[in-house]
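Use the sequences and the hints to build the structure in full.
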Amino acid sequence: MPEIHVAMARRSYEPTGPFGAKSVGELPAVAVAPAIVNAIAIATGEKINSLPLSKVFTPQGRSQIKKESP
Numbered sequence: 001m002p003e004i005h006v007a008m009a010r011r012s013y014e015p016t017g018p019f020g021a022k023s024v025g026e027l028p029a030v031a032v033a034p035a036i037v038n039a040i041a042i043a044t045g046e047k048i049n050s051l052p053l054s055k056v057f058t059p060q061g062r063s064q065i066k067k068e069s070p
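FYI, the numbering used here numbers position 20 of the sequence shown as 20, with every residue one higher than the one before it.
Keep in mind that the hints are not guaranteed to be accurate.
Derived Cβ-Cβ restraints for the label pairs, each shown as a range [unchecked claim]:
| hint | residue 1 | residue 2 | range |
| --- | --- | --- | --- |
| 1 | MET8 | ALA33 | 28 to 34 angstroms |
| 2 | GLU46 | VAL6 | 22 to 28 angstroms |
| 3 | LYS47 | ARG10 | 35 to 41 angstroms |
| 4 | PRO2 | ILE36 | 24 to 30 angstroms |
| 5 | HIS5 | ASN49 | 38 to 44 angstroms |
| 6 | ILE40 | GLU3 | 41 to 47 angstroms |
| 7 | GLU3 | ILE36 | 38 to 44 angstroms |
Derived by calculation from the structure, the hints in this document are not laboratory data. Where is the CB? At the ideal position from N, CA and C, for every residue including glycine.
Structure (structure tokens):
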């Protein structure tokens, strides 16, 4: 078995991680939004380049927009 090297991270606040967590050994919850965006993009066939998402990308939002259009 290979030797394991353990390194400790200093305490500091990371603004991009949830509750200031650092993504040292595994990612915190920062991968959730891109996963949801990719799932919606695959389902709708449209490329999404911004967050937050709007109801335009849901089936209910699309049908409401179609009803409201002249």
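Do the hints match the structure? See the list:
Here the CB-CB span from MET8 to ALA33 is close to 29 angstroms, well matched to the stated 28 to 34 angstroms. The supplied range of 22 to 28 angstroms is broken by GLU46 and VAL6, whose beta-carbon atoms lie about 45 angstroms from each other. A beta carbon spacing of about 39 angstroms between LYS47 and ARG10 agrees with the range 35 to 41 angstroms that was offered as a hint. A hinted range of 24 to 30 angstroms is violated for the C-beta pair PRO2 and ILE36, which are about 37 angstroms apart.
At roughly 40 angstroms, the beta-carbon separation of HIS5 and ASN49 lies within the given 38 to 44 angstroms, and the hint holds. Range check, ILE40 to GLU3: Cβ separation about 44 angstroms, and the 41 to 47 angstroms hint holds. Distance hint for GLU3 and ILE36: a CB-CB separation of about 39 angstroms, consistent with the stated range 38 to 44 angstroms.
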